[in-house]
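If you read the sequence shown in numbering that gives the first Met the number 0, its first letter stands for residue 0, the second for the next number, and so on.
No lab work stands behind these hints: they were computed from the structure.
Relax, there's no trap hidden among the hints.
Per label pair, the in silico range of CB-to-CB distance: (1) A63 <-> E162: 47 to 53 Å; (2) D245 <-> D113: 31 to 37 Å; (3) E142 <-> A67: 34 to 40 Å; (4) S179 <-> R246: 27 to 33 Å; (5) D249 <-> A222: 39 to 45 Å; (6) R180 <-> A18: 23 to 29 Å; (7) P145 <-> P108: 20 to 26 Å; (8) I60 <-> F166: 47 to 53 Å; (9) N169 <-> A32: 25 to 31 Å; (10) E162 <-> A24: 22 to 28 Å; (11) S165 <-> A254: 19 to 25 Å; (12) D249 <-> A18: 36 to 42 Å; (13) R170 <-> A54: 45 to 51 Å.
C-beta atoms are modelled at their ideal positions from N, C-alpha and C, and glycine is treated no differently.
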Amino acid sequence: MSVENAWNRQRLWSGLADAKAAELAAWRRRNLALVVVGAACGALAIQEQWFPRTATTVLGIVGAVVLALAAVVQSTRLNSQRVRDRVTARAASETTKSAVYRYLAGVPPYEGSDRDDALDAVMADVTQKASGLAGEVTLATSEPRPVPSISGVADYVTQRAQEQRSFHANRIAYHQRLESRWRFAQSAATVAAAVLSAVGGVLEGSDLSAWVGVATTVAAALAAHLASVQHGRIAASYGITVDDLDRLLDRFDAATASDADAAEFVARIEAVLAKQNDSWVATLAPQS
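Based on the provided sequences and hints, a complete structural model is requested.
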């Protein structure tokens, strides 16, 4: 397989992974909204002092239907297979990208006349491991990009090693920010449940138990959402990757490096990125 075809395949895998990630994120938000709305409708349905019986009956039915829809979403749109497919597509994309960059840098196993055969072997292995998505990746779309203009290890340093270092560093703040926001929302719901429970126990004639249940349900739903997206663990793993890349970049000088030194540098950079990818896969992959 030519490097151009391998790069095009990588773009398709990346596009498929992005699409699956966006789909999962959208369904997680919808599921969270359904749980909150369903719990709120259930609480309103027992407030007979606020609404006529017809309204409370309707609210009860709506709440039950909405919660049933949430269960359907969880079993059909957020099941382990869909999460696994997203992880598989991203792993295929990153494995292919690594092979292409090593090929362009001209380091083992892509330094000889059989370099195309070596690349073809990697692509065949990727296809075999992600065979369950073969049909989807064929139909996937992605923004076209030219093959990286790398003609040696100096280009590799700037376009691969340093670019990946910057990417992971920038994403740390992004994931930490999302983790903080969701943690705050979860804490707020937990505090609300505690306050409502305390007020209900002090004020005579007040019946806030239903709203305590709503706040508790929301807190639990937010905790489940946090567990599924793993922003904190991803940010931590990105920090380790940045540190590892910094150490390798600080010790390498493309202008004075021998061919053996260059090959070792590229191998170590790709090992760091492969370790990061494996960590990411282990973090997000569903547990069997």
